[in-house]
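K.L.:
These protein sequence lines map, in sequence, to chains A and B. Under UniProt numbering, the residues of the first sequence are numbered 1 to 767, in order. Under UniProt numbering, the residues of the second sequence are numbered 1 to 767, in order.
Calculated directly from the structure, the hints in this document are not laboratory data. Keep in mind it's a predicted model, so treat the numbers as computed, not measured. There could be a bad hint or two in this list.
Identical chains share a label here; the pair holds if one copy fits it or two copies do between them.
Said to hold, decoys possible - Straight-line distance between alpha carbons at most 35 Å, and here's what the computed DSBU-like set of lysine-lysine pairs gives:
id, residue 1, residue 2
1, Lys556, Lys476
2, Lys397, Lys517
3, Lys673, Lys397
4, Lys580, Lys72
5, Lys673, Lys65
6, Lys588, Lys532
7, Lys284, Lys372
8, Lys588, Lys476
There are 2 protein chains.
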Amino acid sequence: MNQDYIVPDEWSIIEEGFDKNRVKSSESLFSIGNGAMGQRANFEETYSGPTFQGSYIAGVYYPDKTRVGWWKNGYPEYFAKVLNAPNWIGIDISIDGEPLDLNTCTKVDNYRRELNMKEGWYQRSFEATMPNGIEVKAVVTRFLSLKYDEVGAIKYELEVLNKDVGVAAMPYLDSGIKNEDSNWDDQFWNTTNIVADGSRGFIEAHTMKTNFATCTFMMATAEAHNEQVKPSSPQKTDTKVSLTFDTALKKGGKLTVIKYGGYTVDRNHDKNKLIEAANEVLDKVSAIGFDGLLQTQKKAWADIWQMSDIAIKGDVKAQQGIRFNIFQLNQTYLGTDSRLNIGPKGFTGEKYGGSTYWDTEAYCIPFYMATKNQEVARRLLKYRYNHLEKAIENAQKLGFENGAALYPMVTMNGEECHNEWEITFEEIHRNGAIAFAIYNYFRFTGDYSYIPEMGLEVLIGIARFWHQRANFSEHKGQYVILGVTGPNEYENNVNNNWYTNYIAKWCIEYAIEQLEKVKEGYPDDYKRIIGKTHLTETETEKWKKVADNMYFPYSKEHGVYLQQDGFLDKELIPVSELPKSERPLNQKWSWDRILRSPYIKQADTLQGFYFFEDHFTKEELRKHFDFYEPFTVHESSLSPCVHSIQAAKLGRMDQAYQFYLRTSRLDLDDYNKEVEEGLHITSMAGTWMSIVEGFAGMRIIEDKLNFTPQLPEKWEAYSFKINFRNRILKVTVTKEGSSYELTGTEEMSIRVNGQRVVLKPGETIQA
Amino acid sequence: MNQDYIVPDEWSIIEEGFDKNRVKSSESLFSIGNGAMGQRANFEETYSGPTFQGSYIAGVYYPDKTRVGWWKNGYPEYFAKVLNAPNWIGIDISIDGEPLDLNTCTKVDNYRRELNMKEGWYQRSFEATMPNGIEVKAVVTRFLSLKYDEVGAIKYELEVLNKDVGVAAMPYLDSGIKNEDSNWDDQFWNTTNIVADGSRGFIEAHTMKTNFATCTFMMATAEAHNEQVKPSSPQKTDTKVSLTFDTALKKGGKLTVIKYGGYTVDRNHDKNKLIEAANEVLDKVSAIGFDGLLQTQKKAWADIWQMSDIAIKGDVKAQQGIRFNIFQLNQTYLGTDSRLNIGPKGFTGEKYGGSTYWDTEAYCIPFYMATKNQEVARRLLKYRYNHLEKAIENAQKLGFENGAALYPMVTMNGEECHNEWEITFEEIHRNGAIAFAIYNYFRFTGDYSYIPEMGLEVLIGIARFWHQRANFSEHKGQYVILGVTGPNEYENNVNNNWYTNYIAKWCIEYAIEQLEKVKEGYPDDYKRIIGKTHLTETETEKWKKVADNMYFPYSKEHGVYLQQDGFLDKELIPVSELPKSERPLNQKWSWDRILRSPYIKQADTLQGFYFFEDHFTKEELRKHFDFYEPFTVHESSLSPCVHSIQAAKLGRMDQAYQFYLRTSRLDLDDYNKEVEEGLHITSMAGTWMSIVEGFAGMRIIEDKLNFTPQLPEKWEAYSFKINFRNRILKVTVTKEGSSYELTGTEEMSIRVNGQRVVLKPGETIQA
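This is chain A alone, in the form it adopts within the complex (with noise of 0.2 Å):
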């Protein structure tokens, strides 16, 4: 572990303390966000020390030219990736001439922070003494508005503790920034207007290339010994807007600033009134006030824990962790526009574009089926048919064709953005995950009408791609996928990757399978999708010899699957007789080492167990999980959630548990020594998983909901909520038992432990 400077706390995050060290990491963990938009920690008066600022809006990106050191056809042009915004949240303050500034007080006390997770706000407080010898206090209080979600709020609360004295407090709006990841240190925004309008502040830009236009904005108002101060007249330079409210304050005297500041985008608004839209929003919240507005983002956050809390009992580290996970992803992503998705790292920080991965099919859709609705699964299903013709061109660019889809491994419009040909071009396991999402959609939430509306089109493209993918080896007589990366990035180019042949023929399968059912269920559809991709029988049944006669590594003596051709010529050391001196392996060894070492970076062999369970033995899976687990190095934030559920499932609670710690609480405990990037926000939802499909054993069997509830030994209980089917299900589970509770009207029937269990609304039935 790299840090426990977090006070544990069962709702909120705590820093208590300043130490200039801290600041960078402080700035990811207490970042806040509202789907639309995201600030990570930053201090609003100027901070000389070391500091990584980041303010986002989501949906906006740039495409930045790619680097590569020798290019290779195929690579796409640019790298999209998410955009440090203009800054809003900036307040300059000023006292007697000198900058406040805590990188250069001579002393600063009760410094705390606080993310409060159950009402969504973050307050900064510290007292300090400037280089002058004058001692302040400030209380500064800040949210990001998920009613009004182009909008965030900050309370700065400033005393003099010492001696009277002048304050200027400033405002300002700033569009002179640089993304720290930038790789030709181009311009990513063009300033094109800055207004200045009594309290109000404006600035149009857009972004280069992308042309997505912007108004950053702001409105600000003070109040000194509880007098309104008024704003001197607004400073402009090419970037930038400010106010000024200069003051005098006596000793204990005190000095509010009220700001409201966000962006209004042309995602959502006619691109030539940003700023009157932006005058509405600020009419709006203005009138409510900074406190009323706190009071709407309480409710906000009340509604979204009501469903998607889980609580624990007796362990208050495991409790704060899975919090600040479930707070995280609903600051990412709330479900409510189908254009926008899940980045790895959310509005946390810059690296890995902000873009779309194949996490949000394979660890966040199951977190946002289960505790919002099918709606929001559905959205994100929809992103990707969206993206069905961008798939399209990019298998056609890697000689592809007649219809056949290769989703991009990294994305933000559909068109690959990734550029390492190991990955770009090889690791394309992901476009199996992108068909599991649809049959696991179907299977949890029943609805059916996603599949022949969109869900058919995009297994046909997948079951294309596939179909040219592999090829015949006239030695082994079978289908061979030659050329591969796994889910394991720590081998590349491989021949025959266990789990992509899996997931190959599944895909096939199932999409045949479909086929079948649309034809009978949905013929309109049916004629208009074979209209559309001009699939014929010849075609299917050329699949079907693909998928039948695939080939599987496999290894009679140690009775399992390979990982691939070769797995067995490996040194086969468990990681535990590794030198911990040498861990983590990819900031220890140097790459040709780990790619010919039987070290596995995240789930590879076992990700095929987890998604396709029922088609393999509890044995089976013990011994896979016994084969490949020891020679697994977590060292992708992606792993121990499904070695968690696995190792539950084998009845091994104490590995189950160990597995959850780390994935729980990777960033607060920075694991990775990385968190002052940004967080890991995907690997959050697997966190969520461990607990609900791991601990709790939540499976969907035959359309019902099937538990084999355990607990951790260190806890007392836990319990969450699953909404399944539109009913409203919570599921507790302590020391004694476990319990369930079903809102609603209608009954319905589940499992526990094997045994049907019938649920009346209002009831509670222990199992």
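Fit chain B to the known structure of chain A by using the hints.
P.N.:
Okay, now just chain B, sitting in the frame of chain A:
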């Protein structure tokens, strides 16, 4: 074939007619060099059309910061690249105030370039009508002196044809130059001192980071109407110095400018006395004069040709091709300095960094050994001995220990410069070529002393590497080498590349053998080396175990060793069945598609059959050739020569000749459509091998030269000379048979078609 504008000629490369689209290609083809410096055939006067400027100084490079998409542990921090050096050739011409610029001339007639390979000079002549209607005629002759290798000379003769005019000729130096392949647009040169002194000018500049100090110098004189013109006072800017010769020229009158220029560098002089050194060489050459200098040039080239020429009768294009190759090799490296080596593009372009590859050991050493002498070959071996410590450091970076050495893929000073993991970390067979060159050197020269003095230490480092790099596969019960890239770079990260495994085994065995020999014959050296390397018998026992139990992939069905594990799983469609539109694959296919195809970029398994041909029967060669060649796309310039030699050995002279044509005129006919970037210098040595080892079948067997001469049908005869252990043998092959002429004083026995032939000095023996 892409182009055929080069006029066939036995001794010259000739271009006739001005075509702007050919300027960059011709700049490469007409490049001149003298081993110490090189110059693309850029125009002396201004040219505003597309051009690729290039002046290069041997051994002067810049470590450009590595550019990659995603950094991988173990990557080198920089890529050393040959530098575009300050321009010394420039002579701007202005007539009646208008600059002479062939790009703006309204008419260009009788444009001609000639690169006279026999005598080592380059001449460009033309008649042009300028936009102001003035008609001029120019003849410009240029060469880089072999004798005074810091200097080049230019004679610029200008006539005005249609009126009386005012002419200004402005010879200049310019250090404000850039590399086109710069990764980050860094400045590569820092100009520190500019001096103008009468008819001379000097620019002192040093390279950034590497701090190579250089002085670029010039001296110019001019005559008009046979009377000397005095230069007016010189002009200086931050990076430029120029002289001006202003004169009136009557219609039909001639202005002649003589310019000497070049570089003095701190590899050869005190860095504080570079201008002094420049003045000295200028004193020397100006005293000799342009014509005198040209005479020494003709003499020096005659000496080179005397030994290294291959004369072909009956095929002028083949003759031109082979002489072009021999000429360029000699322009690039003359064997006088063990700090220098042979870059794949020599002094003709920027690409591939002008650095050293395994090409030197695999292709160039045989040429230099046979056409120069053993000292030259030894200098090339010593280059690697000097880099042994860096090779050990390089291996350490990748996790190897105990003095294991991995020579870099690309280097300037012994450090690795390459940064694609599949090459840098995995194309480790290069280490084998370094060891093979030591064996090859001894086989050819009979000079064993290199091994105890230097070679054995290299062999130990390399053997240690292979021992550590192989691992025991419990599954196979043999040693395997996982995760490599073979010579065929169209496969990456494969397991058990046969060539790599084979050369690894050979390296270990050869090292052990030499250890024994040195122990017996050179006990003092042995003691020194053991003391230095701490080699024990326990360690060599371990090496032996690896060599004795190395695994080699083999197909019983086909009776061939497999290029790598899993090769037979590919779709084995021969190249002949690929549509032409899909070639070359590296421009038409995405990288993943190339990787999973069976197509071979250059000899891989067959490279092993070339190096170790005496380990295999001719029947085995035939089988492997027939199996692999049909999948070979020869998209590396290093591919055709090995195949040509093997086809000749198999008695397939038609095929051998086809391969020969492809290699010998690769650049002249621009097969790869990239000649404008520079010439393929190292593969030119392969062309020489195609004739000497291929057609003439030269081999060294048991300390004797062997020949099995054949003649391509189209040719009447060919002849070449070999310096075999300081005896010069001239071999002539005609339709009637072959003849052998020995110079010197001692007799020598050779074998021709297996028959022993005793040669007496001065006698020509028919065989």
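K.L.:
Would you mind marking each hint as holding or not holding in the structure?
P.N.:
Each hint tested on the structure:
When the C-alpha separation of Lys556 and Lys476 is checked against a cutoff of 35 Å, the pair qualifies both within a copy, at 17 Å, and between copies, at 14 Å. In this assembly of identical chains, the alpha carbons of Lys397 and Lys517 lie at most 35 Å apart only when taken from the same copy (32 Å versus 58 Å across copies). In this assembly of identical chains, the alpha carbons of Lys673 and Lys397 lie at most 35 Å apart only when taken from different copies (23 Å versus 38 Å within one copy). In this assembly of identical chains, the alpha carbons of Lys580 and Lys72 lie at most 35 Å apart only when taken from different copies (21 Å versus 37 Å within one copy).
Within a single copy, Lys673 and Lys65 get their C-alpha atoms as close as 28 Å, and across copies as close as 26 Å, so both meet the 35 Å cut-off. With identical chains, the CA atoms of Lys588 and Lys532 are at most 35 Å apart between copies only, with a shortest distance of 29 Å across copies and 51 Å within one. In this assembly of identical chains, Lys284 and Lys372 lie within 35 Å of each other by CA distance solely inside one copy; the values are 28 Å within and 88 Å between copies. For the identical chains of this complex, Lys588 and Lys476 are inter-copy neighbours only, at 29 Å across copies versus 38 Å inside a copy, given an alpha-carbon limit of 35 Å.
Of the numbered hints given earlier, the model fails none.
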